[in-house]
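Asks: Sequence:
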Amino acid sequence: MSGHAEAPRLMVLGAGTMGLGITSLAVGHGIPVTVVEVDEARAGRTRAAVTERLRMAQLMGALPAGRPRGELAVTASPADGRDATAVVEAVTEDTPTKAKVLEAVAGLTGAQVPLISNTSSIPIDELAGFIADPARLVGTHFMNPPYLIPTVEVIRGPRTGDAVMSAVTDLLRALERKPVVVGDGPGFVTSRVLHPMINDAIRVVQEGTATVEAVDDLMRECLGHRTGPLRTADLIGLDNLADSLRVLYERTGDSRCAPSELLLEKVRDGHLGRKSGRGFYAYGKELA
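Mapping of the sequence shown onto UniProt numbering: residues 1 to 288, in sequence order.
If you're looking for bench data, these hints aren't it; they were derived computationally from the structure. The C-beta atom is built at its ideal place from N, Cα and C for all residues, glycine as well. Please note that the accuracy of each hint is not assured.
Unchecked claim - Estimated spans, in silico, between C-beta atoms of each pair:
id: 1; residue 1: Gly183; residue 2: Ala258; range: 22 to 28 Å
id: 2; residue 1: Ala258; residue 2: Arg173; range: 44 to 50 Å
id: 3; residue 1: Ala258; residue 2: Gly66; range: 22 to 28 Å
id: 4; residue 1: Glu221; residue 2: Asp269; range: 27 to 33 Å
id: 5; residue 1: Glu250; residue 2: Glu213; range: 40 to 46 Å
id: 6; residue 1: Ala79; residue 2: Val180; range: 41 to 47 Å
id: 7; residue 1: Tyr283; residue 2: Glu221; range: 17 to 23 Å
Given these sequences and hints, build the entire structure.
Replies: Right under this line is the structure:
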């Protein structure tokens with residue numbers, strides 16, 4: 001992980017909401033990206049989804065003006081991205097799934113290539129146990145959408161090496177993001193504080209104390225929460241939120257983290273938030 005002069009090339013594992021967001025951020029900053037996605041339908045939508053995100057980012061002035069776009073390749077095989085200078089894993093928030101792809105890609109890439117797990121809640125050291133060289137693994141928690149939120153939570157596991165910390169800092173600098181480094185533990189800082197609070201907000205609605213709009217109005221206008229917890233839940237993705245809360249509940253035993261029944265009901269009904277067109281609010285169209 002010493003080749004600081006080498007131009008960054010990313011391999012992004014997974015073309016879900018966060019994989020697409022991180023890919024768009026990198027491509028918009030002129031960094032070539034190979035996206036690895038085994039789901040054919042999702043892979044087929046990747047280019048159009050990245051183009052749409054780049055258009056939105058440009059409209060909002062969130063990308064550097066006049067910089068050429070990075071090349072985008074989409075493949076089902078991680079071997080096609082083996083020349084990457086860094087790997088970002090952005091698959092489902094599930095330890096066995098993440099461990100499997102990280103283990104596979106660790107063997108394909110050079111020992112100096114950092115492995116970055118984008119996770120909102122799974123302890124990095126838990127994942128590090130599945131790869132031969134745990135010093136290569138570091139966590140990031142990009143917020144959605146990554147092109148609009150300039151700060152990234154960076155999680156240093158107990159076995160994360162100095163070289164990978166330096167490499168991830170260089171990469172975030174190239175993406176014009178500000179790293180805030182925190183220690184390891186379930187949910188780190190942002191999810192450990194935010195997700196139980198969102199779960200509580202959902203329970204208030206579930207119990208009939210207040211409407212969705214009332215909860216968000218009060219949290220936004222009285223307490224300065226920029227979007228309100230339920231709009232934030234829709235942006236995170238209600239399925240992702242439920243997965244993250246399960247991870248927190250299993251690892252902390254904190255009953256506030258047990259996903260509320262209303263949240264689970266929405267997930268079962270396919271109302272996943274902005275990405276499905278409907279969650280606590282209706283958005284009118286399905287987003288890729």
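Asks: Taking the hints in turn, state whether each one holds.
Replies: Against the structure, the hints come out as follows:
no.	hint	in the structure
1	Gly183 / Ala258: 22 to 28 Å	25 Å, holds
2	Ala258 / Arg173: 44 to 50 Å	39 Å, violated
3	Ala258 / Gly66: 22 to 28 Å	49 Å, violated
4	Glu221 / Asp269: 27 to 33 Å	30 Å, holds
5	Glu250 / Glu213: 40 to 46 Å	32 Å, violated
6	Ala79 / Val180: 41 to 47 Å	34 Å, violated
7	Tyr283 / Glu221: 17 to 23 Å	22 Å, holds
Consistency with the previously given hints fails for numbers 2, 3, 5 and 6, ordered from lowest to highest.
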